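Student: With chain P held as given, fit chain Z onto it using these hints.
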Amino acid sequence: MDGEVTTEAVEQRIFEILATFGADSDAVAREATFEQLDIDSLDLVELAQIVDEEYDVQVTTEDAEKLTTVGDAIELIASRMS
Amino acid sequence: MRRAVVVTGVGAMTPLGAGAPRLFSEWVAGRSGIAGGVGTCEELEPGDLLSVKEARRTERFAQLAIAACEEAVHGAGWGECVPFDPYRVACVLGTGMGGTAATLPNAAATAVATRYGLRGPSSAPASACAAGADAVAIGVRLIRSGEADAAVVGGAESPLGDAARAVLAATGMVSRTGVCRPFDARRDGFAISEGAAALVLESAAAARERGAAPLGRAIGVGTTCDAFDAIAPDPGAGAASRAIENALSDAGIGPGDVDYVNAHGTGTPLGDRAETRALKEALGDRAGAVPVTSAKSATGHALGAAGAVDAVATVIALAQGVAPPTLGHEVAEQGLDLDYAGDGPRALGSGRSSLVGISSTFALGGHNVVLAFEAGAPA
Numbered sequence: 301m302d303g304e305v306t307t308e309a310v311e312q313r314i315f316e317i318l319a320t321f322g323a324d325s326d327a328v329a330r331e332a333t334f335e336q337l338d339i340d341s342l343d344l345v346e347l348a349q350i351v352d353e354e355y356d357v358q359v360t361t362e363d364a365e366k367l368t369t370v371g372d373a374i375e376l377i378a379s380r381m382s
Numbered sequence: 004m005r006r007a008v009v010v011t012g013v014g015a016m017t018p019l020g021a022g023a024p025r026l027f028s029e030w031v032a033g034r035s036g037i038a039g040g041v042g043t044c045e046e047l048e049p050g051d052l053l054s055v056k057e058a059r060r061t062e063r064f065a066q067l068a069i070a071a072c073e074e075a076v077h078g079a080g081w082g083e084c085v086p087f088d089p090y091r092v093a094c095v096l097g098t099g100m101g102g103t104a105a106t107l108p109n110a111a112a113t114a115v116a117t118r119y120g121l122r123g124p125s126s127a128p129a130s131a132c133a134a135g136a137d138a139v140a141i142g143v144r145l146i147r148s149g150e151a152d153a154a155v156v157g158g159a160e161s162p163l164g165d166a167a168r169a170v171l172a173a174t175g176m177v178s179r180t181g182v183c184r185p186f187d188a189r190r191d192g193f194a195i196s197e198g199a200a201a202l203v204l205e206s207a208a209a210a211r212e213r214g215a216a217p218l219g220r221a222i223g224v225g226t227t228c229d230a231f232d233a234i235a236p237d238p239g240a241g242a243a244s245r246a247i248e249n250a251l252s253d254a255g256i257g258p259g260d261v262d263y264v265n266a267h268g269t270g271t272p273l274g275d276r277a278e279t280r281a282l283k284e285a286l287g288d289r290a291g292a293v294p295v296t297s298a299k300s301a302t303g304h305a306l307g308a309a310g311a312v313d314a315v316a317t318v319i320a321l322a323q324g325v326a327p328p329t330l331g332h333e334v335a336e337q338g339l340d341l342d343y344a345g346d347g348p349r350a351l352g353s354g355r356s357s358l359v360g361i362s363s364t365f366a367l368g369g370h371n372v373v374l375a376f377e378a379g380a381p382a
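From first to last, the protein sequence lines are chains P and Z. Residues 301 to 382 (my numbering) are what the first sequence spells out, left to right. Residues 4 to 382 (my numbering) are what the second sequence spells out, left to right.
Check before you lean on any hint, since a few could be wrong.
As the list claims (entries may be wrong) - Some chain P residues judged to face chain Z by a derived CB distance under 10 Å, without partners named:
| id | residue |
| --- | --- |
| 1 | T320 |
| 2 | F321 |
| 3 | G322 |
| 4 | A327 |
| 5 | E335 |
| 6 | D338 |
| 7 | I339 |
| 8 | D340 |
| 9 | L342 |
| 10 | D343 |
| 11 | A348 |
Stated by the list, open to error - Not everything, but these chain Z residues come out facing chain P in the computed CB check (under 10 Å):
| id | residue |
| --- | --- |
| 12 | S54 |
| 13 | V55 |
| 14 | K56 |
| 15 | A58 |
| 16 | R59 |
| 17 | R60 |
| 18 | E62 |
Simulated from the structure, these hints should not be mistaken for lab results. On a predicted model such as this, the values are computed, not experimentally measured, just so you know. Built from N, CA and C at the ideal position, the CB exists for glycine as well.
Pulled out of the complex, with its shape left as it was, chain P reads as follows (with noise of 0.2 Å):
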């Protein structure tokens, strides 16, 4: 990616996707677990995969495992962009 993206830009951004995910867009919250979105593994390798095209960043399964909420999976990706 050129330029800089701003921890929003992420955010607003994978709240799209999970919506395209099937998660309800107005429950879709930094506070949200995936379990409350169902928002299942394989929902988050494809999350993983689209993250490292738009944004080049890696997210292993071990990662994803960890993740318990919306805002956890900002957080790690917004972390190893900087």
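Tutor: Frame of chain P; chain Z shown alone:
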């Protein structure tokens, strides 16, 4: 006595529209679902049947299958709960190519069995263009043998991706003009299409017991193999002819009992000629006395779905007493002299209380499946 098998529900998703009634009415009206040489099911709305997550994880051929099965199961009056011991209900859905590399060819059978909780025998025949007809044949045999009381059977295909189309083009059987003209002197191959169709089969006794009103009866099955070539049909058509004879003999009827032939009729130069020869050999003089019409002239050729689409169309044709036309059949070729009904639909079997039709499927690879159906008051 062998257990009789009835058809209690049908469903179809084809380029002619959503639903078996549309398949039949559009075809009778002479409308084609082929555009730009390809038949696409534009009316498939996965969101009506599946959650976003389910739709994302279900390949298109399986989505088509679910749409067709939902219609068939609903039409059979099964409601929310399957009216049988789930271990006594089979689910057999064929496909020629399946999905992309991401899923296996059994994806449709699994998705449908899971959706309705069908726990009896389940499989996914892959006999190319005969897969859907094979699924029907397997369902009939499972019910006759007593292994199942009912079966959801059919076929599905969505071969419109670049890779699938390249494979099909390599067979040399795809029309270059993009017009499918079965049995016409100008025919140059089939039009690739997607689609799905399904039938609910039940043992006649079980259907009667639950008060179901059958649409028709599956009375005969004949299956053989050319054992000749990976692509081309045997021009001698001996095995194809034998499949027709076997279906009639299985049904306990003769050529004179046949009122309608729903042909495989893909529009390939070799295939239509071999099929005409097979019909003449198996039916004798009767071949020239009944309409022989091809749905592929209207729907295109949806490979593994085709045999099931044809089975559904045959049941409706017999129930309504109308044979839809072979679209685009205008110029006769020497030796191809049956009544292909190129000029419009035909009324079937005047004065008969019940009508018999055969639906023939002669696949790439030489798999021949012929199904015999009857509708109307039993003889």
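Student: All the hints need checking, so say for each whether the structure fits it.
Tutor: Evaluated hints:
Hint status for P/T320 relative to chain Z: holds, with the closest Cβ pair at about 8 Å, below 10 Å. Annotation: P/F321 was flagged as interfacial toward chain Z, and the flag holds, the nearest CB pair being 7 Å apart, inside 10 Å. For P/G322, the suggested interface contact is upheld, since its CB lies about 3 Å from the closest CB of chain Z, less than 10 Å. A hinted interface residue such as P/A327 counts as satisfied when its beta carbon comes closer than 10 Å to some beta carbon of chain Z; here the least separation is about 13 Å, so the hint is violated.
For P/E335, the suggested interface contact is broken, since its CB lies about 14 Å from the closest CB of chain Z, more than 10 Å. Residue-level restraint check for P/D338 holds (minimum Cβ-Cβ distance to chain Z is 7 Å; threshold 10 Å). Contact between P/I339 and chain Z, as hinted, is supported at the beta carbon level, the nearest pair being about 9 Å apart and thus within 10 Å. A cut of 10 Å between beta carbons decides the hint on P/D340: the least distance to chain Z is about 8 Å, and the hint holds.
For P/L342, the suggested interface contact is upheld, since its CB lies about 7 Å from the closest CB of chain Z, less than 10 Å. The restraint placing P/D343 at the interface with chain Z holds, with a minimum CB-CB distance near 8 Å, inside the 10 Å limit. Evaluation of the P/A348 hint against chain Z yields a violated restraint, the C-beta minimum of about 16 Å exceeding 10 Å. The interface hint given for Z/S54 is met, as the beta carbon of that residue sits about 6 Å from the closest beta carbon of chain P, less than 10 Å.
Because the smallest distance between the Cβ of Z/V55 and any Cβ of chain P comes to about 3 Å, under 10 Å, the interface hint for this residue holds. The beta carbon of Z/K56 is positioned within 10 Å of a beta carbon in chain P (closest approach about 4 Å), and the interface hint is therefore held. The closest approach between the C-beta of Z/A58 and any C-beta of chain P is roughly 8 Å, which is under the 10 Å cut-off, so the hint is satisfied. Of the supplied interface hints, the one on Z/R59 holds, with its beta-carbon coming within about 7 Å of a beta-carbon of chain P, less than 10 Å.
Using the Cβ-Cβ criterion of 10 Å, the hint placing Z/R60 at the interface with chain P is satisfied: the shortest such distance is roughly 7 Å. Violation of the interface hint for Z/E62 is found here, the shortest Cβ-Cβ separation to chain P being roughly 15 Å, above the 10 Å cut-off.
In summary, the structure is inconsistent with hints 4, 5, 11, 18 from the numbered list given earlier, while agreeing with the others.
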